[in-house]
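Given chain V, work out where chain D should sit, using these hints.
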Amino acid sequence: MGLPNRTRRSLLYDRAAAGAMGLLARLSGLIVVVIAVGLFLKSVPILKNQSLSSLLFSSEWFPLRGQFGFLPFIMGSLWVTGTAMVLAVPLCLLTAIYLAEYAPLGIREGVRPLIDLLAGIPSVVYGVWGVLVVVPWVKRAAGWFGYSTSGYCVLSAGIVLAVMIFPVIIHMTVEILRAVPQEIREASLSLGATQWQTIKKVVLRKAFGGVLAAIVLGLSRAFGETMAVLMVAGNAVRSPTGFLDPAYPLPALIANNYGEMMSIPLYDSAMMLACLILLGVVLVFNILAKLVLMRIQKEIQ
Amino acid sequence: MDRRRVEEAVMKVLMKAATLLIVSLLGLIVLTISVRGIRAMSWSMLTQTPKGGFYLGREGGILNAIVGSFYVAGGATGLAFAAAVPVVLYLNVFCRRGSRTAAVIRFLLDVLWGVPSIVFGAFGFLLMLAVGLRASLLGGILTVSLFVLPILCRAMDEVVRMIPSDLLESSYALGATRLQTAVRVVLRQASAGILTAVLIAFGRGIGDAASVLFTAGYSDQIPQSLTRPAATLPLAIFFQLGTPFPQVQDRAYAAALILTVVVLATSLLSRRLGRRLTRHMIP
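Taken in sequence, the protein lines are chains V and D.
By the numbering used here, the letter at position 242 of the first sequence is numbered 242, and the numbering carries on one by one without gaps.
By the numbering used here, the letter at position 46 of the second sequence is numbered 46, and the numbering carries on one by one without gaps.
Chain V extracted, bound-state conformation (with noise of 0.2 Å):
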C-alpha cells in the first residue's frame, strides 16, 4: 500500500529466502538423526533374528550359518583404540604442554602450524606409511625380545593410529591451556611457586574438563578411523590376547565385507548393526566432549 513496488518485492524476497535457507539449515542438522534411524531399521531384521547380548558377546562369526557374533571385532576394536590412546595421550600432554607453557615464541609458532598442517594428511598415506615403517620395525623389535609376529598386529595399529590422532589432541590441548587466565599464573608464581608446580596445581587444574575433552575426541577419532587400520592390524577373526596378535576391528570389518555382503542372508543386516555400534560408540564420545567444553566456554565467558 504506501510501500514502493521495488521494496515490497525485495521484503517479499527476504521471508522466502528465510524459509528456503531455514528448512535446509534443518535438513543439514537431521542428516546425523537420518543416518541413525536408516542404519537402525536397517539392522531390524538381525536383531530379530538374534538377542542383541548374543551379538554383542558371542565369538562365533559364521555368516554362511547365520551365526553372528561380533565380540573379536569390538575386542579388536578396544586393543588398537587403547594402545593408540596409552601411546598418545602422555606424548600429546607433555608436548602440548611444552607448545603452550614453556616454548619460546619461534618453536610455537614453528611446531603448531606444522602439526596442523598434518593434521590433514589422509588417512590411507598414514597406511602407506605403517605398511613400510611400522610393520617392518615392531616385527624386527619384537624378534629382539624373543616374540614371532608378522607384524600385522595390535601394536603396529596403535602406533599408527597414535600418530593420525596426535594433531586432534595436542590443537584442543594447547587451545584450551592457552585460554586459562594469565592472572592465575601470575598469582601461583608470585606466591613463591615454580613454574611447573603453576603448570600441575593451578593451569592443569583449572584446564582438567577441557584436556579430557580433547582426548575423549581423540579416541573417538581412533575408534571410528578405518583405512589405515585395515591395512595394518591384520584382520584376523578372532579376539587378540596379547599387542602382537592381530586385530580386526568393527571400521575394517565393514570395510572388507561391505561390498560382498549382498549373496548371504542377514549379512548386510550385520554390517548395518556394526556400523550403528561404531557410529553409538563416536557419538556418545563425541557429544560429552562437546557439551564439556560448552561448559568451559561459558564458565570462561
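Be careful, since some hints might not be right.
[Stated by the list, open to error] Not everything, but these chain D residues come out facing chain V in the computed CB check (under 7 Å):
#	residue
1	L26
2	Y90
3	G114
4	A122
5	A173
6	T177
7	A209
8	I237
Source of the hints: derived by calculation from the structure; they are not laboratory data.
Here a beta-carbon is modelled for each residue, glycine too, at the ideal position from N, C-alpha and C.
For chain D alone, coordinates are given in the frame of chain V:
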C-alpha cells in the same frame, strides 16, 4: 638444588623429548612417502591410465585415479558448498544471536562432523541401493558431499560469526533487507574465510577413502559420465599396494605422493589466502 627444581628440570626434558619425537615422526612420514613416491614417479605415471588391469597390469600410470579424485572431490565440494552457504547465512543472519534453533543446528552439525567416514560410506551405499544407483561417479560425489558438508559449514560459520554485528546493523539502518545484507555484506566480508573453508573441505574430501570405497567404485578408465564408476587416489593406493607385483605397487607409492602433495598444497594455500585476504576486511 631442591626437589621441585629437579622435578621441573626432568619434566622439561621429557616435554622437549616428546615434542621432538612427535615432530620427527611426522617428518618421517612425509620423508617415507616422498622417497618411495619419487622413486616410483615417472612421466607415464601422470599421463597414462593403467594397462591390463589395475591389479595385474604392469604398465601405465594413475591418470584415471588423479582425474577421478578431482571429479569426486571437486563435485562434492561444489555440491556441499551450494548447501552450506544458505545454512551458514541462515544461522548468522536470519536467526537472532543466541537463538535456540541456531544452537541446536550447530550442535547437530558438530555431531555430524564426528561421524566416521566409513559410516558415511555405508550410509551412502544404502541410499544408492534404495534409489537403484550403482557404484558410480555420482554416488561418490553425493556421499563425499555429505561427508564434507559439516566441515564446510563449521569452517564457514566460524568466519561469518566473527563479523561484527554493528556492520549488519548499519546495513539494516540503510534500509537493506536481511537477504540483501547476507549476500552483499556478509558474503563479501567473509569471502576470504569462505575460500579457505572450501579448500579445507576439498582437501578432506580428496583424501578420504572409506566414504568412496563402496560408492564411487573403481575403474581403469577416466569416467565419461556421472553413472560410470570412478577411480580415486586413496583407493588406487589401497588396492594397488596389495598386489605382489612391484610395478603395480609403484603406482600406489606414486599415488600416495601425489595425494600428499595435493592435500598439503591445498592446506598451505588456504592458510596463505586466509592471511592475505583478511587484510582487506573491515575489522
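Evaluation of the provided hints:
{"no.": "1", "hint": "L26", "verdict": "5 Å, holds"}
{"no.": "2", "hint": "Y90", "verdict": "4 Å, holds"}
{"no.": "3", "hint": "G114", "verdict": "4 Å, holds"}
{"no.": "4", "hint": "A122", "verdict": "5 Å, holds"}
{"no.": "5", "hint": "A173", "verdict": "15 Å, violated"}
{"no.": "6", "hint": "T177", "verdict": "4 Å, holds"}
{"no.": "7", "hint": "A209", "verdict": "5 Å, holds"}
{"no.": "8", "hint": "I237", "verdict": "5 Å, holds"}
Hint 5 from the earlier list is the only one contradicted by this structure; the remaining hints agree with it.
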